[in-house]
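Engineer: Sequence:
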Amino acid sequence: MAKNIMIDKVIGESGASNSNATSQSQSVQSKAKKQRKKRSVAWEYFDQIIDPEGNQKGVCKHCKREYFADSKDNGTKSLLTHMAKCLKMPLDVAKSQSKLGFNPIPGGNKGDVVVVPWKFDQEQCRKALCRMVIVDELPFSFVEKEGFMNFMKVAQPFF
Numbered sequence: 004m005a006k007n008i009m010i011d012k013v014i015g016e017s018g019a020s021n022s023n024a025t026s027q028s029q030s031v032q033s034k035a036k037k038q039r040k041k042r043s044v045a046w047e048y049f050d051q052i053i054d055p056e057g058n059q060k061g062v063c064k065h066c067k068r069e070y071f072a073d074s075k076d077n078g079t080k081s082l083l084t085h086m087a088k089c090l091k092m093p094l095d096v097a098k099s100q101s102k103l104g105f106n107p108i109p110g111g112n113k114g115d116v117v118v119v120p121w122k123f124d125q126e127q128c129r130k131a132l133c134r135m136v137i138v139d140e141l142p143f144s145f146v147e148k149e150g151f152m153n154f155m156k157v158a159q160p161f162f
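Residues 4 to 162 (the numbering used here) make up the sequence shown, in order.
Among the clues, some could well be false.
Said to hold, decoys possible - So the derived label-pair ranges between C-beta atoms look like this:
{"id": "1", "residue 1": "Gly-150", "residue 2": "Asn-77", "range": "36 to 44 Å"}
{"id": "2", "residue 1": "Pro-55", "residue 2": "Ser-144", "range": "49 to 57 Å"}
{"id": "3", "residue 1": "Gln-159", "residue 2": "Asp-50", "range": "25 to 33 Å"}
{"id": "4", "residue 1": "Glu-147", "residue 2": "Leu-90", "range": "14 to 22 Å"}
{"id": "5", "residue 1": "Pro-120", "residue 2": "Lys-64", "range": "21 to 29 Å"}
{"id": "6", "residue 1": "Phe-151", "residue 2": "Asp-54", "range": "36 to 44 Å"}
For the record, the hints were derived by calculation from the structure and aren't laboratory data. Virtual Cβ for every residue (Gly too), placed ideally from N, Cα, C.
Can you build the whole structure from these sequences, using the hints too?
Structural biologist: Now the structure itself:
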């Protein structure tokens, strides 16, 4: 850590002041006041707050849970752990890269597909599930069984 050094004036043997020492003390003070940029990816998903006791906390932007996040005492480990477990957190998809899906071409040969951008849609997923249950004449309890639930956790954790 940089320490503040206060030098008002340094006077040499000739009685002239040394302005170089004064400018050095000012640069040391300005470095000490400069606030560092937050480097953790967790701060993209959390809002930083300070509670009435003066503790720094992070509040999840999705589920509004609070976690201690003081850089000296706690760090951001609890925030990063929550990000992996938060059920309301959207899938982390790179903004510069989209996911692609394959849709069959209507009226085309079997196996002909067109590549289209894909994004998870909860409503479309529910409709497709309902259609599967009806078309395949499955019992409604099918979606509550352990095997299907396990499959969905792997296929789409947010379903």
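Engineer: Hint by hint, note whether the structure agrees.
Structural biologist: Status of each hint after checking the structure:
1. Range check, Gly-150 to Asn-77: about 40 Å between beta-carbon atoms, so the 36 to 44 Å window is met.
2. As the Cβ distance of Pro-55 to Ser-144 is approximately 50 Å, the hint placing it in 49 to 57 Å holds.
3. For Gln-159 paired with Asp-50, a C-beta distance near 27 Å keeps the hint of 25 to 33 Å intact.
4. A beta carbon spacing of about 18 Å between Glu-147 and Leu-90 agrees with the range 14 to 22 Å that was offered as a hint.
5. Under the hint 21 to 29 Å, the C-beta atoms of Pro-120 and Lys-64, about 25 Å apart, fit the expected range.
6. In this structure the supplied range 36 to 44 Å holds for Phe-151 paired with Asp-54, their Cβ-Cβ distance being about 43 Å.
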